[in-house]
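Note that the protein sequences, when read in sequence, are chains A and B. Quick note on the numbering used here: the first sequence kicks off at 16 and runs consecutively. Quick note on the numbering used here: the second sequence kicks off at 16 and runs consecutively.
Source of the hints: derived by calculation from the structure; they are not laboratory data. Being a predicted model, the structure only gives us computed values, none of them experimental. All residues carry an ideal CB built from backbone N, CA and C; glycine is no exception. Do not rely on the hints blindly, as some may be mistaken.
Below, in silico cross-link-like pairs of lysine-lysine (DSSO-like), each with a Cα-Cα straight-line distance of 30 Å or less [what the hints assert, rightly or not]:
#, chain 1, residue 1, chain 2, residue 2
1, A, 356, B, 429
2, A, 327, B, 398
3, A, 73, B, 260
4, A, 260, A, 73
Reference listing, derived: stretches of chain A covered by chain B, where coverage requires no fewer than 3 residues with Cβ under 8 Å from a Cβ of chain B [claimed, not checked]:
#, segment
5, 167 to 179
6, 340 to 346
Each chain, written out:
Protein chains: 2
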Amino acid sequence: MADLANRLEIEDLQENLKVVQELLQRHELSVDAPSVHDPSPATGDDGRSKDMAELRAKIERLHPADIAFVLESLPLPERLVVWDLVKADRDGEILLEVSDAVRESLIASMDSQELVAAAETLEADELADLAPDLPEDVIQDVIRSLPLEEREQLRAAMSYADGTVGALMDFDMVTVREDVTLEAVTRYLRRLDELPGHTDQLFVVDRDQNLKGALPLERLIVSDLEFEVDRVMVPELITFNPEDKADDAAQAFERYDLVSAPVVDAAGKLVARLTVDVVVDYIRDSSAEQVLAEAGLSEEEDIFATVWASFKNRWAWLAVNLITAFIASRVIGAFEGSIEKLVALAALMPIVAGIGGNSGNQTTTMIVRALALGQLQPPYWRKLLKKELGVAMLNGLVWGGILGALAWYLYDSKALGAVMTLAMTLNLVLAAFMGVAIPYVRQKVGKDPAIGSSVLITACTDSGGFFIFLGLATLFLL
Amino acid sequence: MADLANRLEIEDLQENLKVVQELLQRHELSVDAPSVHDPSPATGDDGRSKDMAELRAKIERLHPADIAFVLESLPLPERLVVWDLVKADRDGEILLEVSDAVRESLIASMDSQELVAAAETLEADELADLAPDLPEDVIQDVIRSLPLEEREQLRAAMSYADGTVGALMDFDMVTVREDVTLEAVTRYLRRLDELPGHTDQLFVVDRDQNLKGALPLERLIVSDLEFEVDRVMVPELITFNPEDKADDAAQAFERYDLVSAPVVDAAGKLVARLTVDVVVDYIRDSSAEQVLAEAGLSEEEDIFATVWASFKNRWAWLAVNLITAFIASRVIGAFEGSIEKLVALAALMPIVAGIGGNSGNQTTTMIVRALALGQLQPPYWRKLLKKELGVAMLNGLVWGGILGALAWYLYDSKALGAVMTLAMTLNLVLAAFMGVAIPYVRQKVGKDPAIGSSVLITACTDSGGFFIFLGLATLFLL
């Protein structure tokens, strides 16, 4: 029957978005009046409702992740028009897919009843993800409507902090006993109709849910059906605890190429499973968070956010930078007498400070990455510091030498050139030392060495660079 | 038989590393004499060779990815001692796992014969990954030793550039015809003994290898064995071309929660497949590269690299920064007369420049991310620019106001405070404009908007900030 397999091209994403935009424009929707989320068809003249029907049909054919993409790519008024057209029974899964900022904007447009209806379409682990964004009364309503088992699962999933395996796990695992035949297992699976997504293996447990091993689907297929499970199962398994760090789990998935893995409690009882799709999302999200945090964005920003929302998302970082810049400014202020006498210092000092900051950040970035991978062992810090100081000296010689020569040429002062070279070298050494020391100390006191290291380094190399350069100049030139 | 499933804890990684380090230390290996890669046992007194045997046994029990981790975490001399102990037939897979910088150090310690032997243990797609790091004569030797089919596959895999699906795909797919029964499929699979890793589905093809659909293993298990393949197969599939961008493929894997996907040529013929484990590695690598590139490290650095190797890896970025800092310095130089008259300007000007750089980078980071996700459509650039200018005005009012008041208080000059506020606001507006314009232009001319945007912004806001502040001061204060 089937012709050539229907290719779902990846460029379709952009295509989908364009079609939606065109239909929205043709419909000449009033862009300034966000409407309430309500799945009833738009009223209006015939042309309009025809476009609307076409848009609705288009949306219905899309995968939830693709609708999420379209919603994230539209400004708020258009976003809410499209959101209105989404069938109520898909609201839940789409809310799970969109980014935090966009989710807030969608939830704000829905009333309690709609939210409860959306939440009720989700499974316990998905609900746990959505819960922090929902109003308290909606959560209570949903919890009351859940069967006992799911209520327990929801409570379990919600009790684990972000960044743990517990926050990522799901409860869709298929379990079998070790003393049954593969024939019986196959019969059992046929009755299930469909296996949960990412079921590459069944988990083998005893009567008390203690994990005994795993039965990969491919072994089930290629083995003799008369065999019992314990003869073909894999007894050695990578398992996780709900309290394990999600980062470590992600590394294990990457390292051992896992598709799914069991999650067991301290007593070895199977409680949940972790699947690669969730791990991939986690890896993406946490690397995006790192990039955003380094630029000082507290959370992922809806590109169509209001000016005020953007200001709130960015102010903390700017305030910190203002404080460190102010301190550096006071350092310069202490040398105003010297600058008055030799104004060339004012022009040259930002070079000394800037190069130190860049070099220090290179050191820290490399170390933070090695720490994140667990590859920097206590015996090697000293070795590393020695190497970084060596690189700093070499950089000082090269770049300090070039800049010193330039300063000499520009201001016709050999002494100024020498001070420039010396100051750059010393600031690069300071940068190397702080570049190693800051992540070392942060790690020692149990803080994430990635966060804020860059501000700290730059603060040291700015104030330090100004102090070293202006101090040396005051000593030797005036 | 099986007790509680053998938990392979993730903390074991650190444990492994510690054990290896202890054994190395006990063996009192001469740390300064890197030995040639040679799997013959170390000679020496009995205690030594006992430790060595223990170390060898320890290493033999480790997963290749874990050996790679240990190798990456050891300084070069110790690294080469451990590398010596690795059995020759595992060299290939371990070389695939280690980071580029460490791979170079290992390959440098091996002779051609060892390299050929290592390469011959790999499959065509793996070989293609390793090939760029191997000497030409080794590659030629290996190619000659390959059977014709694999030689073709290797040629195919090597012909695709980094960052394409072709560079990530493998050839381990199991194919079936659509007109056979599931019974026959099962019989066929049993003869295979073992399925390739990450086989969650079989690909259905016709006589000419045209892709018709996919048969998920779980459907094979739960369906009636008398059915023919075309009755249970999935005809709609996400497929990729070898030329597709790896980034897009990674997004599709994430979006649609894929485990494997077929790769077809332009005519619809199945040529290879893409699996989630490779996609996860790709996502990790490319996000790491981004973080490293932003700090100006050209490639991932071996933390135990020599001073010289580190210098080479970092110099380009420092040189660029030196040039932009020098230009900013010349801008200041043009206003030396003003600074001489009002030395407070020297102390205040770095604040104006610094805040502009930080704010501009926030804007660009957000836009680069939206571009990477394909969420920023042409009609919305103008809207975005308007919003960013609004945020800049607000930031200017708030932070410029605070700093203006501080300057007024410190230098007892209302006019200086007013110039400070105005300069900060203007530089923030410049930062917002450049923060939008730079990724826009880079995207328009087909360059990656992520790379180098941060240097460009900082260059504009530094020179621009100095110019605006000193220029306004010269106009209004002197």
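Right, here's what the structure says about each hint:
Pair hint residue 356 of chain A plus residue 429 of chain B holds up; C-alpha atoms about 25 Å apart against a cutoff of 30 Å. Restraint check for residue 327 of chain A and residue 398 of chain B: satisfied, since their Cα atoms lie roughly 19 Å apart, inside the 30 Å limit. For a cut-off of 30 Å, the pair hint linking residue 73 of chain A to residue 260 of chain B stands: about 26 Å separates their Cα positions. At roughly 41 Å between alpha-carbon atoms, residue 260 of chain A and residue 73 of chain A are farther apart than 30 Å, so this suggested pair is violated.
Restraint check on the segment 167 to 179 of chain A versus chain B: 0 residues with Cβ-Cβ distances below 8 Å, three needed, restraint violated. Coverage of the segment 340 to 346 of chain A by chain B holds. Counting CB-CB distances below 8 Å, 5 residues qualify, and the rule asks for three or more.
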